[in-house]
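Residue numbers (our numbering), protein chains in the order written: chain Z, 33 to 257; chain V, 8 to 234; chain X, 10 to 243.
Worth flagging that the hints you see were computed from the coordinates, not collected in a lab.
Careful: at least some of the hints might be erroneous.
[Said to hold, decoys possible] Capping the alpha-carbon separation at 27 angstroms, the derived lysine-lysine pairs in BS3-like fashion look like this:
#, chain 1, residue 1, chain 2, residue 2
1, X, K86, X, K68
2, Z, K104, X, K218
3, Z, K104, X, K68
4, Z, K194, Z, K101
5, X, K218, X, K68
6, Z, K194, X, K86
7, Z, K101, X, K218
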Amino acid sequence: MRKQVLIGLSGVALLLLLRNLYVMFVDLPDEVQQGPIFRIIFFHVPVAWTALLCALFAAGSSVTYLVTKNLKYDAFAVAVTEVGLAFGAANLVSGMIWGRQIWGIWWAWDPRLTSMLICELLYAGYLMLRSAIDDPTQRARIAAVLSIFAFFDVPIVVFSIKWWRTQHPQPVVWGGGKMEPSYYNMLFANWFPILLLAVVMIAIRMRQERIHREVEALRRYAHEF
Amino acid sequence: MGLFLRQTLTIAAKDLRSEIRTKEALNASVSFSIVILLLFSFAFEPSSEQTHEIAGGLLWIVFAFAGALILNRSFARELVNDCLDALVSSPTPGPALFTGKAIANLVLLLIVELISFPVFGIFYNVRWLSQFPLLFVVMFLGTWGIVVIGTMFSAMTVNLRLRELMLPVLVYPMMIPLLMGAIQCTTALLNGQGLGGEAAPWLRLLIGFDLIFSILAVALSDTVLVG
Amino acid sequence: MSAAALTVDGVWKYYGDFPALRNISFQVGEGECLALLGRNGAGKTTLLRILAGLSRPAKGRILISGADARAPETRRKIGVLGHGIAVYEELSAFENLHLFANLYGIRDPARAAMEWLERTGLERVRDGLVREFSRGMRQRLAVARAFIHNPALLLLDEPFTALDDRAIAVLQGLLRSARAEGRTIVMSTHQLREALELATRCVLINRGKVGYDGERTPEMLEDPSWLYRNYGEG
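Only chain Z is shown next, with the shape it has when bound in the complex (with noise of 0.2 angstroms):
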């Protein structure tokens, strides 16, 4: 049943975004100063909030871990943080595409692309933690703890990077912040289904996490006879 769930949710995520291509290379005009590139903002963006979301949620359910010790929430927070990595991954390197058309190199040192960057270290810590750690309860316990820190440090890297580049010469001026309505439209409707692919990422996640804890709860039986 949850199976044929989260076949239909992601079959519904897939159609959404197949129309939503058609819609951006078909209906959409090419953008005046960036040309077809700019339509990459259609998941740049969105697949940065989706990012952005899952280290809200990871937080919350580390917190929610700590607080009930029920296993379940850990799992929650593992697989948000995996999924948070994996958008966050496909954020930067979107990012780094548009940059090598726009701007002619692979990376600058814009505030956006450095706090993302450190972000995604905090949370390959979080997993690089976990897998060290044997002993599924305390390794619960631990990694709650550290992404508790690390949620609490994103705020703080995301203001203190954008102070730092406002006082230096940037490599490139932001263009003007202002969105024609329908591209405006586009960046929240494939932000649906990029969101519906994360959901259905995680519960997947999430019944790994609960299958490897039974593997490793039955090993444990085992030990004892």
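We have chain Z already, so just place chains V and X on it with the hints.
Okay, now just chains V and X, sitting in the frame of chain Z:
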């Protein structure tokens, strides 16, 4: 409250005494920071005017690296003979244990910094003596931040395989805002600009970072120490 | 009945989904000496760690003289002697004891430290670093550390393994006088005979469950494996 303070200071004094006696971390940390200072001289022209602009960055990278050596030892020291168990099962609350260890680490890291600072001044021809009181304030704030994050993560990673490798990977990304603040303030001071003006928001960042993570660490110390 | 010295009430502890302790319940009255028996990996150490406040149960409660095991007041009443000797190599014998006396909030830590150095026969090496001590001396220091705050409840994890003869003699002497003073003792052990001689009660743990809980009977002394044969996991 009196007992809390007594326990905190007892832990701090214990760590300092064992470290001063063996000087394991201290020696390694001081020589390591001098080696890095030396290595930097190959990365850019040490006598150029440019040195002043990157002086703060240089120093704090050295301090952060040297700190990792000290912080790694902080809880690893308790592993021999299962001493950590005896501390946790004593009536010492987690926050007292954490604060005591953080204070010891702060003192040790400040010692390393006070040794490497003059060396830096000589190597790179940077005049710092006239600015010293304010510089020390910045050093204190920056070092406290390094130590709060580092002590917490030292406790979190104490039982892990690959502990020594894990700590820097976890700790440095977390410290980036703090290091930025410390770097900006230090550079401003070394260029004779004082802490007003452009450096002011960075000083506030330093203080804010210290406060937020001190509270967080104290609040979560029992969670980390008691399984 | 007056408040038991130790109440273990429906305690569960998990490693992930695996229950290491499964609904453990028993009580120890004041002045009793409990031998905690069980095979390796049965959960003795896990339970003792919970009693010592080193870890929290997932379900259930631990009450020590009616108060929570993690409360600072409670921990002042517990003396723990675990697997490790828990003394610092780079500190002297006196400094080690002084340190713990301070942590336990003892009013005159220096005097307490001196007193226990004497009681364990270490007064002549009070300023020697533990690093230079022989194994037996370290063990006696560890015993002094565990006793320095006059704990009402002693938790000993495998106390007689790896001790040398003199340390065993010191420990047995201390445990006997502790019994005479009405202190409560809980010890896990493999060494059946030494443990059973001191014990008034036995709790046998089989795979995280209580297999036997009762008086220590004379037949146990005569035939130490009697308990395992009759109540061990079959």
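* To do: Run the structure past the numbered hints and jot down the numbers of the failing ones, going up.
  => 4 and 6
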